[in-house]
Amino acid sequence: LDIVGTGGDKSNSFNISTTSAFVAAAAGVTIVKHGNRAASSKCGTADCLEALGVKIDCEPKVMKKSLDENNIAFLFAQKYHSAMRFVGPVRKQIGIRTVFNILGPLTNPGKADRMVLGVFSEEYVEKIAKALVKIGVTDAMVVYGTDCLDEISASAETKVAEVRGENITYYTVTPEDFGFERVNKADLVGGTPEENAKITTAVLQGKGTKAQNTAVALNAGAAIYAGELGITLKDAVKKAENIISSGEGYKILEGFVKVTNE
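Under our numbering, residues 1 to 262 are what the sequence shown spells out, in order.
One or more hints might be untrue.
DSBU-like mimics (lysine-lysine), calculated; alpha carbons at most 30 Å apart, straight line [as the list claims (entries may be wrong)]:
#, residue 1, residue 2
1, Lys210, Lys65
2, Lys79, Lys61
3, Lys251, Lys207
These are computed hints drawn from the structure, not numbers from a lab.
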């Protein structure tokens, strides 16, 4: 499963989907995260992982080993899509949303057939869900936080398109649906890769703020729900909450850092 956002939502939140990936991996979901450096924000997935100590440009066999041992691998777009090497610096220079914001998440070289994909605009929820069906993704949630977030929002309602096989269901979720109070969006703001890495570490150790924990529980819960058949979304979010408070996700991060630096 890949949990990824298109970026370009201008929220400058910390790396919520990256943090959520470790929680989902601790729940037993096999995560193949595909990502890049920041183009229109301060800190992309690759920047955050690097600041956490992960060696991001490892050979496939190293990532395969991490997948076997830690349930998680990261495929750095510039390594696995050679054309992205040339596009990346230009995107950074332009600094605004481009077609690559949408193309990136749809071109995971790990061929993930399950996804949680956040989009930066409501108009893309249905379009991307239909595209996922066409490219063979079997189980997915395409999400848009209505306070302009490319993930499940902890501060507003979220529009969802759920893909199961060739069927797509549309619905809305709110933090209250899972027993959470809405948080202040400003409490989710991140910063430099180093600052975001500190937030990710704190959340995974069970030491994050209430707002940070809520955001990660919602998005990791979505990944557990899309990646584990037979669980309800509510139970999946609860499972994510328990993993966050237990610090299990941090063990996954430690294992990942170790394997990539061997």
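Status of the hints after comparison with the structure:
1. Lys210 - Lys65: violated (34 Å)
2. Lys79 - Lys61: Within the cut-off at roughly 14 Å; holds.
3. Lys251 - Lys207: holds (14 Å)
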